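Residue strings, one per chain:
Protein chains: 2
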Amino acid sequence: MRVVHSAKELRELLQIQKKSGQTVGFVPTMGALHAGHARLIENARIECGIVVVSIFVNPLQFAPNEDFTRYPRNAEQDFEISSNSGADLVFLPSTEEMYPAPQLTFVEVTRVGDYLCGASRPGHFRGVATIVLKLFNIVQPDRAYFGEKDAQQLAVIKRMVRDMNLPITIVEVQTVRESDGLAMSSRNRYLKPAERKAAPALYRALEAAAKLAKSGERDARKIRDAGLVLLRAELSIRVDYFEVVDNEEMQPLQVVQPPFRIAGAIWIGTTRLIDNVLVS
Amino acid sequence: MRVVHSAKELRELLQIQKKSGQTVGFVPTMGALHAGHARLIENARIECGIVVVSIFVNPLQFAPNEDFTRYPRNAEQDFEISSNSGADLVFLPSTEEMYPAPQLTFVEVTRVGDYLCGASRPGHFRGVATIVLKLFNIVQPDRAYFGEKDAQQLAVIKRMVRDMNLPITIVEVQTVRESDGLAMSSRNRYLKPAERKAAPALYRALEAAAKLAKSGERDARKIRDAGLVLLRAELSIRVDYFEVVDNEEMQPLQVVQPPFRIAGAIWIGTTRLIDNVLVS
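Here the protein sequences line up with chains G and C, keeping their order.
If you're matching positions, the first sequence starts at 16 in the working numbering and goes up one per residue.
If you're matching positions, the second sequence starts at 16 in the working numbering and goes up one per residue.
No lab work stands behind these hints, which were simulated from the structure alone.
Here the structure is a predicted model, which means the values were calculated and not measured.
Hints are not guaranteed to be accurate.
The list treats identical chains as one, so a pair stands whether inside a single copy or across any two.
What the hints assert, rightly or not - Simulated pairs of lysine-lysine, DSS-like, Cα-Cα distance not exceeding 27 Å:
no.: 1; residue 1: 33; residue 2: 23
no.: 2; residue 1: 23; residue 2: 34
no.: 3; residue 1: 164; residue 2: 212
no.: 4; residue 1: 164; residue 2: 207
no.: 5; residue 1: 237; residue 2: 173
no.: 6; residue 1: 226; residue 2: 237
Please model the entire structure based on the sequences and the hints provided.
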């Protein structure tokens, strides 16, 4: 596995591989890799000739009051997980490498990015779409891998790829969970022991809501309430949102029709966690 | 020369050419080709192995009150000019081919696209940047050719390419003019004979302003006024803007320092014309 810091060098290395007919799989990350990322890389390894992992904590997708500064960074451990999962190349650019001049160009995926996390974190998906497209243009992958845990991000990227005529297949990979159901997330390491103990309530709430839907309930309000009642029982949790949305444009539903998603975001102390389930 | 209507077919044809090591030159147009476009294509012909011309009147860059419907369309004549200028492939997609689903993704080049035409035509450069990036993603050219007549468009595209890490060289090609100085434009064919006679006043005004600047004047207001006095003498002309801007971000200057641009937009009857000169 090779670690590359320069976009130019990465492009040149990949050029050679592409000329020899290799397909390129790409896993963009913000580092602080965990078993969820490992699964993305492993999937890319199975399906592609060359596997590229990028590690870049993108300032553009954090609001000034958010956790950009304290976001966990651990390059050595990330290299180890990348290597063990089958990565060939790790792209670890500096902020100056990605933004050598003030970024004046932005990619906006309207509608899909407006609700849920888009409403709670204004500008977040603009930052995500912009950096992902920049990385896509550097790597020019055949396939790119994203986790279902960030379902709205996935929907935003899929729509961007389709709308912008990008010749890239987006592969969605199932959420990896701890044994108590908590979705793997780099932000889990912010949690104090008591918070960690409360955190799986989000997944339990999603499962309870999904169970009601699977039993035949079609009223989105009742489905939401079946989850919300569990979340409200956890006094250390503040609900950011808990919603029932369609799976393509992430718009709120009143009457559900599978496939649809139930998605939630909660605050535990100073940590914000998200999760979702697909009802298909 | 081959005419292609499908993005998929174009991609496949170009794939073969690229694999054999050909460089791809790209000239995106809205059709109604004239000698200015011919020069873009000829430049691409000299510098590239394969020359692709796209013809697409992009609804996204026209406001509802603008001339989208009456914009001149003449495919047969466009094919002839393309062929005579050295094009190998003409891409002529339908609106449905370019926008099979509602376009929810938009590319915005802030600052560079805000002033001049960006102020007169809100949303115009968002439409331009979005379609050009879509076309870039379909063609994936090595070099793309744009005319200096649309200097702000050129600045927007150059900034987009730089900000979005696109591996494309943007080539700017000099404005082609009628013998009386009028810049070639598809919209010139809207002009009635009396209007056509008045139209070169825009270039004369730009030249008068440039002449004052070259004589050593540094006060942008005086430079503007040297042009505006000529435009105001033409009673059939209404000035949209006449400004002195820097050449990278198209921002208004108070004190000039070459290189900079003098740019103007005028209305003659129901026709809007633009032009500019670089003072270097």
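Okay, the hints, checked on the actual structure:
no.	hint	result
1	33 <-> 23	both (15 Å within a copy, 20 Å between copies)
2	23 <-> 34	both (17 Å within a copy, 21 Å between copies)
3	164 <-> 212	within (20 Å within a copy, 64 Å between copies)
4	164 <-> 207	within (22 Å within a copy, 61 Å between copies)
5	237 <-> 173	neither (30 Å within a copy, 52 Å between copies)
6	226 <-> 237	within (12 Å within a copy, 74 Å between copies)
Consistency with the previously given hints fails for number 5 only.
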